[in-house]
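Top to bottom, those sequences are chains V and Y.
Residues 0 to 412 in numbering that gives the first Met the number 0 are what the first sequence lists, from first letter to last.
Residues 0 to 412 in numbering that gives the first Met the number 0 are what the second sequence lists, from first letter to last.
Read the hints as simulated data drawn from the structure, not as lab findings.
Among the hints, erroneous ones may be present.
The list makes no distinction among identical chains, and a pair is therefore deemed to hold if it is satisfied within one copy or across any two copies.
Stated by the list, open to error - Keeping only pairs whose Cα atoms sit at most 27 Å apart, straight-line, the calculated BS3-like set for lysine-lysine is:
| # | residue 1 | residue 2 |
| --- | --- | --- |
| 1 | Lys-214 | Lys-406 |
| 2 | Lys-206 | Lys-78 |
| 3 | Lys-179 | Lys-406 |
| 4 | Lys-307 | Lys-336 |
| 5 | Lys-307 | Lys-266 |
| 6 | Lys-240 | Lys-266 |
| 7 | Lys-214 | Lys-266 |
| 8 | Lys-82 | Lys-206 |
| 9 | Lys-363 | Lys-247 |
| 10 | Lys-269 | Lys-307 |
| 11 | Lys-168 | Lys-363 |
| 12 | Lys-78 | Lys-223 |
There are 2 protein chains.
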Amino acid sequence: MNAELITIGDELLYGHTLDTNAAFIGMKLAEAGIDLLYHTSVGDQADTILTALGNAMNRVDIILVTGGLGPTHDDITKKTLCKFFKRQLVFHEGVLKDLMKRYSDLGMAMPAVNQNQALLPQGAKFIENKIGSALGMVFEENDKILVAMPGVPAEMKSMLIESVLPMLKQRGPRTFIIQKTIRTIGIMEAAIFEKVSGLIEENSQIKIAFLPGYKGVDIRFTVKSSSEEKARQAIDDLVGKFQSRIGKYIFGFDDDELPAVIGGLLKERKLTLSVAESCTGGLIGKLLTDVPGSSEYFLGGIIAYANKIKTNVLNVPEDTISDHGAVSAQTAVAMAKGVRALTDSAIGLSITGIAGPTGGTESKPVGLTYIGLCDSQDTIVEEFRYGTDRERNRVRAAYSALNLVRKRLLNLA
Amino acid sequence: MNAELITIGDELLYGHTLDTNAAFIGMKLAEAGIDLLYHTSVGDQADTILTALGNAMNRVDIILVTGGLGPTHDDITKKTLCKFFKRQLVFHEGVLKDLMKRYSDLGMAMPAVNQNQALLPQGAKFIENKIGSALGMVFEENDKILVAMPGVPAEMKSMLIESVLPMLKQRGPRTFIIQKTIRTIGIMEAAIFEKVSGLIEENSQIKIAFLPGYKGVDIRFTVKSSSEEKARQAIDDLVGKFQSRIGKYIFGFDDDELPAVIGGLLKERKLTLSVAESCTGGLIGKLLTDVPGSSEYFLGGIIAYANKIKTNVLNVPEDTISDHGAVSAQTAVAMAKGVRALTDSAIGLSITGIAGPTGGTESKPVGLTYIGLCDSQDTIVEEFRYGTDRERNRVRAAYSALNLVRKRLLNLA
Numbered sequence: 000m001n002a003e004l005i006t007i008g009d010e011l012l013y014g015h016t017l018d019t020n021a022a023f024i025g026m027k028l029a030e031a032g033i034d035l036l037y038h039t040s041v042g043d044q045a046d047t048i049l050t051a052l053g054n055a056m057n058r059v060d061i062i063l064v065t066g067g068l069g070p071t072h073d074d075i076t077k078k079t080l081c082k083f084f085k086r087q088l089v090f091h092e093g094v095l096k097d098l099m100k101r102y103s104d105l106g107m108a109m110p111a112v113n114q115n116q117a118l119l120p121q122g123a124k125f126i127e128n129k130i131g132s133a134l135g136m137v138f139e140e141n142d143k144i145l146v147a148m149p150g151v152p153a154e155m156k157s158m159l160i161e162s163v164l165p166m167l168k169q170r171g172p173r174t175f176i177i178q179k180t181i182r183t184i185g186i187m188e189a190a191i192f193e194k195v196s197g198l199i200e201e202n203s204q205i206k207i208a209f210l211p212g213y214k215g216v217d218i219r220f221t222v223k224s225s226s227e228e229k230a231r232q233a234i235d236d237l238v239g240k241f242q243s244r245i246g247k248y249i250f251g252f253d254d255d256e257l258p259a260v261i262g263g264l265l266k267e268r269k270l271t272l273s274v275a276e277s278c279t280g281g282l283i284g285k286l287l288t289d290v291p292g293s294s295e296y297f298l299g300g301i302i303a304y305a306n307k308i309k310t311n312v313l314n315v316p317e318d319t320i321s322d323h324g325a326v327s328a329q330t331a332v333a334m335a336k337g338v339r340a341l342t343d344s345a346i347g348l349s350i351t352g353i354a355g356p357t358g359g360t361e362s363k364p365v366g367l368t369y370i371g372l373c374d375s376q377d378t379i380v381e382e383f384r385y386g387t388d389r390e391r392n393r394v395r396a397a398y399s400a401l402n403l404v405r406k407r408l409l410n411l412a
Numbered sequence: 000m001n002a003e004l005i006t007i008g009d010e011l012l013y014g015h016t017l018d019t020n021a022a023f024i025g026m027k028l029a030e031a032g033i034d035l036l037y038h039t040s041v042g043d044q045a046d047t048i049l050t051a052l053g054n055a056m057n058r059v060d061i062i063l064v065t066g067g068l069g070p071t072h073d074d075i076t077k078k079t080l081c082k083f084f085k086r087q088l089v090f091h092e093g094v095l096k097d098l099m100k101r102y103s104d105l106g107m108a109m110p111a112v113n114q115n116q117a118l119l120p121q122g123a124k125f126i127e128n129k130i131g132s133a134l135g136m137v138f139e140e141n142d143k144i145l146v147a148m149p150g151v152p153a154e155m156k157s158m159l160i161e162s163v164l165p166m167l168k169q170r171g172p173r174t175f176i177i178q179k180t181i182r183t184i185g186i187m188e189a190a191i192f193e194k195v196s197g198l199i200e201e202n203s204q205i206k207i208a209f210l211p212g213y214k215g216v217d218i219r220f221t222v223k224s225s226s227e228e229k230a231r232q233a234i235d236d237l238v239g240k241f242q243s244r245i246g247k248y249i250f251g252f253d254d255d256e257l258p259a260v261i262g263g264l265l266k267e268r269k270l271t272l273s274v275a276e277s278c279t280g281g282l283i284g285k286l287l288t289d290v291p292g293s294s295e296y297f298l299g300g301i302i303a304y305a306n307k308i309k310t311n312v313l314n315v316p317e318d319t320i321s322d323h324g325a326v327s328a329q330t331a332v333a334m335a336k337g338v339r340a341l342t343d344s345a346i347g348l349s350i351t352g353i354a355g356p357t358g359g360t361e362s363k364p365v366g367l368t369y370i371g372l373c374d375s376q377d378t379i380v381e382e383f384r385y386g387t388d389r390e391r392n393r394v395r396a397a398y399s400a401l402n403l404v405r406k407r408l409l410n411l412a
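Given these sequences and hints, build the entire structure.
Written out as structure tokens, the structure is:
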């Protein structure tokens, strides 16, 4: 079974809104074994919607439509679908009563414009919307099926997962797209490539993609198969072989994120962490506290952007800065020691670097970064030389620092 | 003149990659007066690419294609375009020489696979790629034009701006889509609506969209017109009227961001800022230091996630916390005063709150947040009650804190 997704909204074409609905639906269809062949976006304009619908009906079995089901004048999807399928809008008293009851249960009066939501195409099937006022709609014609859902992400997601996918899965043979992602940090794409030599050629039935980013290199394995189980087994076997070659660079799989992984390691070991950040300006603290429950192991720390905070608050000796510079291995070490002492944490972590775009010199170019770690037994410092992009340098520095904690906790550093 | 964009790549349909190229191209076409009617994504698969090309040739004047122009086996766009337009691939010696020269200028050997980049469709025009190895291609047939660009964002952007748009603008009458956005903070959508009553009805030729987000409410004005100048004038007039009604909530226009706006205000006044962050964990520091040159006014501060950092480092009296709680107006004030004294800054800014999802009580629910500001003259504290979403609460808290600085510097608080 193959499908097309049509997302409707001017904001999608003008580039103001990234189409996150399309990404979510693409992922869920792949998991469900439905082959998404086309995704089309059109504006809130009847003629282009009609053309897109006509082309889609000729090229796929299943059409999913999102957007334009709201009650106001710019929501034209419902009317346009009626025109396309030659149906009338009919008033559904039960739908209106349900809607009014929802509002009265909340002690609110229903806005008059919402009466439009009870006007629905004749002969279509409807899908409950647990969150909002727009029902989903199902049209069937010549063995093709079209499902229209609201564009509000929470409404679309609940409808897709709870009603639409279970319905579509019944309709015919499926092709499963099974994927697994290995997440690595601290190793370059080319080095992974060398270490896994042979494995790619021996497993040509599995598509292997290397996805380098600022936070590390992901390796994504994809198999298309009519058997979900066999595909999963083949991927798991190959992932096992990758693990034996590059295991120490792997911090997680699929949706795992490094800050939560480190949180888990710290919790297991009942250790606390504090940070002293110069060029990252609070980014490491932000990433660590993105994780709910991080107060169990993260104490906080010092944003030492100005040198006087390094000396006055973190007690970095003034000589260290004047002799070696604020961006130096010596300062990074003193910052890590300073924040550990000040906050009484098990591990002190520090970053100092030149994020750019300006501030570099010949001996200390933009991108030069030192990361320090101090615990009860040892002090470690690492030097990195990144590029000239401020945003990228800061993200790389923060993730390298988090990786140093990971390596230390796993006795890899 | 109207257009369709076709973006090619499996990763777009599977939902792993948000299609940022499409957003960029959408915005630039609107600015150039070219009406983008359709955006279609297809995978790396010849049959669906051919179908998408065929449908596009029937429904628009201009077709832009991105992706699949690389040198490896999964890049099939070039071959598929040859099939569609019935052309042969021809070896271009000059192209190969140019490529080899680029590598030798960098002191590198050209990878053998890059020889493929010199095989190009007969009779097409080519567009220089200043960054990568894949040339752009132009096909013309039956008064229609198709331009293929690489999918690597930096290569596509430079090619689009420098070559493709100047070429397309020559081709026929344009419809300009002129937009301007007012960025507000500290006022709800409904309150703006009341304050601007009348203006929306009186200006029905201008589309006005209210776009509420965690960081504030944007108001976007859009006019489609064949005269760029008239459209701009109409929008500027209306923006002026909005400014006179809600001016004090407006922190900027279009791409302005609050951290940089505050940076400008601090620089003008030669003032410095430091922060004491509890629930935001470093996010305010991160936002402030996203701005290049922020070291001129941002000193740094304390991430006081654990209470003992509030007392031991920021010198918040233990009584304050035991009497009023860590999340209280009193603690926020003491944190702002503490960080100002510790860092010797002109302004100390603090946040303490319950970000969630857990940690709330009946009297202090998740979302309760206090923001404190202390300068040479005064101390201000604000209370906010947000919802239950951790990520949203933290972003709102950080932006509300930055807005308090803005208001203070402009004598609005």
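Next item on the list: Run the structure past the numbered hints and jot down the numbers of the failing ones, going up.
Entry: The structure conflicts with hints 6, 9, 11, although it agrees with all the remaining ones.
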